[in-house]
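Chains as they are written, first to last, in the numbering used here: chain A, 32 to 829; chain B, 65 to 490; chain C, 2 to 160.
Since the hints were made in silico from the structure, they are not lab data.
Small disclaimer: the values here were computed from a predicted structure and weren't measured.
Even for Gly, the Cβ is constructed at its ideal location relative to N, Cα and C.
Careful: at least some of the hints might be erroneous.
As the list claims (entries may be wrong) - Selected chain B positions facing chain C (in silico; Cβ < 8 Å):
no.: 1; residue: K74
no.: 2; residue: A136
no.: 3; residue: E150
no.: 4; residue: P153
no.: 5; residue: W156
no.: 6; residue: A192
no.: 7; residue: E194
no.: 8; residue: R234
no.: 9; residue: T317
no.: 10; residue: P318
no.: 11; residue: A353
no.: 12; residue: F387
no.: 13; residue: L400
no.: 14; residue: F403
no.: 15; residue: R406
no.: 16; residue: E407
Claimed, not checked - Footprint (simulated), chain C over chain B, 3 or more residues, beta carbon under 8 Å:
no.: 17; segment: 246 to 253
no.: 18; segment: 308 to 315
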Amino acid sequence: MPTLTIDNQSVTVPAGTNVLEAAKGLGIVIPHFCYHEALGAVGACRLCAMKFEAGPVKGIQMACMVEAKDEMVVSTVDPVAAELRAHVIEWLMMNHPHDCPVCDEGGECQLQDMTIAGGHSIRRFRGPKRTFRNQELGPFVVQEMNRCIQCYRCVRTYQDYCGGDDFGVMGSRDRIFYGRFKEGRLESPFSGNIIDVCPTGVFTDKPFRFKSRYWDLEEAPSICPHCSLGCATIPGGRYRELQRVRSGVNREVNGFFICDRGRFGYGHTNHPERPRTPLLGGREVSWDEALSALRERIAQTVATHGPQSVALLGSPRATLEANELLRRWADELGCRLQFEIHPQRDRAARTLAAGLGDKARSLEEIRNADLLILIGADPLAEGPMLALALRQAVRAGGQVAILDPRPVQLPCAAAHLPLAPEQLIPALQALASGAAAAFPRQQAIVLEGLIRQLTQSQRPVLIGGADLLGEAGMAALLAAADKLSSPERPCGVMGLLAGPNSFGGALLSPPEADADGLLDAIQQKTVKALICLEADPFSDHPDPARAQLALAQLEYLAVLDHLPTLAVRRADLLLPTTAPAEGSGCYVNNEGRLLPFAPAIAPGVPIRETGHGDHPPRSFSRETPGSQPRPAWAVLADLLNTSIDLIALRHQIEQAFPSFAGLAALPLEGEGLRVNGPGIAPATVAAVPAPASTGLRLLATETLFGSELLSALSPPLATVTPAPFVLLHPVEAETLGLSNGLQLRLTTPFGFASVALRLSEEMARGLIIAPRLRGTALENLVPGGGLLTCSLSREEAP
Amino acid sequence: MSDAPQLLFKNRRLGETTFLDGYQKTGGYQGLRKAFKEMTPAEVRETVKVAGLRGRGGAGFSTGLKWSFFPADQPGEKYLVCNGDEMEPGTWKDRELLKADPHQLVEGMIISAYALQAPVAYIFIRYAYEECSRNLEQAIAEAKAAGFLGKNILGSDYSLELHVHRSAGRYILGEETALLNGLEGKRPNPRSKPPFPAQRGLFDKPTTVNNVETIANVPHILSGGAQWYKGLALTDGGAGTKLYGLSGHLEHTPCVELPVGIPLRTLVEQVGGGVRGGRKFKACLPGGASTPFLTADQLDVAMDFDPIAAAGSRLGTGCVTVFDDTTCMVAATLNLNRFFARESCGWCTPCRDGLPMVNWLLEKIERGEGTMDDIAMLKDQQRNISGRSFCALAEGAMGPVESLLRLFMDEIEDHVKLGRCPLRTR
Amino acid sequence: MLPDSILLEFQDRAATIDHPMELVVDLLRAIQEQHGWVPDEGVELAAQILGTSALKVEEIATFYDKIFRQPVGKRVIHLCDSICCWTREAEAILAYLQQKLGIAPGETTADGLFTLLPTCCLGACGEAPAMMIGLTTYGHLTPEKIDAILEQQRAEVAR
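Next up, chain A with everything else stripped away, as it sits in the complex (with noise of 0.2 Å):
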């Protein structure tokens, strides 16, 4: 651990550290562009120069290019350095426009802070500044390249770390110019984060454009609530809006990026939709009213038929301290609780949050990890960034095999064996045992060479999705990597789950939780009573046909949510609560880690759309349209008549639950905390054979882009979200007599739909395989629930 001197202060830093790094340490921001911890030194802005006065290196050197070492004595004012840096903003600024007043970058800009403590303010360059013609990119990122700094970090962002190849950098001299070879989308599903690291306004926010100054943005640090990945995110409103998000940086999740998702799903805080005042059978009241109605309701069927006649539903997008409180509630009356209504990702989770333990692997984990093999999982769609992931790792030198019957795309190396679903277990014991030769040999082959890989490799981690292995094959996951395990070399495991809460809903649920025994409960009356907690069970079972029957037989259903759900919309009674933007709270992600979220905004209804038009607004109130949204946890506290304040609920939870001690020390914007212990896993319940079938079976999927709730429900992504598809092997389609392209019809147990075909040589045969994509005809192909007969036919002539 080397020691230096900066500036006369004494610094000791890992080794490895550049000087710029160690500055950082002492509180010293040394002036920068290119450098950026995640894309590291290149040395070309030349603006962190500084006087190295002894040591093993002596000069004017660039800081973040320097590696610390003992004895260096580094000054940050020394004045020669000090002109350097003056000089490169006066360079950079030569050919910058007056832009500040029309730019979004205004407040948040690097360019405008270094250039203002670098001392510039006239410009003496009269010379005609060099120009460029901005390209259309999507509808994501606006590009002003006349603003440009060439500092290369776009490109590296975009190429480097992303994996894109279809933005870059072209011409030379003082011409460069970051763009794509033609106008188009930015392809990469990571294409935001250039705004992100642009430290200037060429690549700024559109669907942000113009809505805001920084300085009047309401930010606060946020966990992405669109995946089971935590991601740090940074949510900025104004106005009563939800204006956009960009990255908030945790080094063992997310790092510095997010995907778009996660960037442009925030939409359905705005959601004209979205349910903003308590309802009572569709009529307005207030809060107090809904509440004593829900009491009293309660209260009465518990009284009349029993505590097992009300049944309690959490979510996984819901907090852990809402969560809890519906526990406590359930507790409290003896009545039935389930935290997922969906059977086989309800078990995979507490599978998952039972048997994880020390195997568990942060991204940052994965990104240094040598070898990752993806049973069941599809990084794009279940957790995108976890696609980023891997990819560090394979820059790294690492290797990532994927057995998936998906064509599964990474911005990376891979390979990939297409197995049908019914082969996942297997191959999960097959790796475990080091024996393929139950496999036809082709697959046999590539399952022994992974086997070897995975005796030769040092930090192996297995990665599977909930969709595709259930509750048995995430057992058969974990068993494996029990078995690969030693103690010098422990194989690790990353689960990919369904909600951003699923973990923790996960290790809150009773043992006997049972969520398709809930459903005949509620089918053959034993429930009357069924009160969602930010959960639908009428879009989110695998079999929405079977669960909507069953529901229909409710007498009572009570909701609570933000989002314009069936649920909502059949509720007998509605409690409209906050949006994770608007919240405090706290969140499980899929590796166990605790992550608390503060609120950006108050809810209510954007300004904009108050006046609808008309001015001023002919309604006057005290309270701010749409302000009456409240958080699930403050709804549940007051439902138990308990006055409680977050910090103290969080106190209580750690007191009640061993596993989540320091949740309440939590701090904001830091690395969170991996919960303490494991979860319980799930009582066993006799498995429901799988229906025989012939012909082609249908596979539902997630998607990037589409099928996750909160982001379905988002503008922005609407542009970019596929019309209906399914994707088939050529094989499948020759025997058919199908082709690339036709519009087919798709006929599933739950209805008809319009479908473009793909064809795909990397799927696994047998298979159709359709993305959930909601709001669409293919809105009922709820993943996780194992196959689907279905069949293909052309449409019929109109």
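Place chains B and C on chain A using the hints.
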């Protein structure tokens, strides 16, 4: 000068190219035979080191020392790359070599690759030297057929693949790490050093990059011996002969081979026939566009690396461009700086943006619109560009600028005081 | 875009060598040799052969000044504007060429025959002033010599 030893230009005849027959008649491939039959690779390296050969591409780094950094004994992929991207304004010596005598370079490459135990070698040729590329390809085919190149050369267990790689323009490709990027098919920005090419070069493997003229000396060092080669120079520190190109305001502008250390005056007055039209010598670039100007007081400097460095400039490529007394030095520097600015790769700020700033100032001054503040600003620019850029291109650009400010301040100030270029009478 | 034999050759080489991108400059030059310049389709073809994206090829093509991504005349005249040629009347030669051809640097004659471009040092400093047409360098330029060279070029194109 007709008695000056001719090594590199031994086979040069006006309008002709010497191929295998002619090359062998004058002793060609003897150096190679000696290396393969009588010497180990280490001995070849040692011979080149003792001979004192210094790089002829402009930097003048000791070839023996550069070779000593290369892990010759390490097995696996290793590369020797010949830098034939001669684009330094004023320089055409490598073109002359390759037009006249391609086998000389081929032999030099084979011997050098053998010394370094590199199994693959490239000759990187600039776009404009198509004739040279074709000459080399023909020579390579001849050498292969004659057993001097390819598998198990002369019955040894050493094999060499030698490729010609053509470029597509841009001066920065002459910088060795940018050249390697260009060879790999990447954007030819330079790389940061360390790591040096000897550790991580072409495709991240150990690589040595040497200039055409440097490699062309190797057969002669081997066949004549290191001491003999060293003794050819006129200075104590020098070694061998050098190709000197003469251009600019001279009566004659040939490219000649003379011993290292020949006085600049000899080149200007004897070889170049003096300043053309009987005019006076005002200044010269002693070794290409990126060398500081020398003035008449320095005409007696020996054309060798250390003496010219002591005189405040660099030997560079050894190709001299002379300016007579009708030349406006501001205009000359502007021409030079415009070249560098246009050829910047665009990677780092001082070069990409600093050189255009210098252009703007020089243009302003040359137009007669400059101020004393502009001159001060020009000084600041030069001070903050020199030694601050990512590679040596901007450093080279500041050679003429720094020497303009040092040697011709009066002329610059006259532009300001007169409100016009003092050398224009209108 | 490329004659079949050359296309096949590049495809073979791209399939066999360790680093296909090593061929990108050769490939762009071959396309330019055939087509006179490199159009978008040329970039796309090169990308296909090398197994990369059009953008990655464009990054290379737009760096080099001798790869033309815009149409050029049948003959491209590269006139040196570096220091040695500058000392030997290159500015006057440029003026003469502009006047003779009726175009400014960067432009192409109306008959599509000649494009006039500045170039950096051609390595013909002993024969300054110099220009390169295609890949042939001409030195010791005078207006008369230029007239003769241009006539010769015209005749060649006509054949």
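Structure versus earlier hints - violations, ascending order: 1, 2
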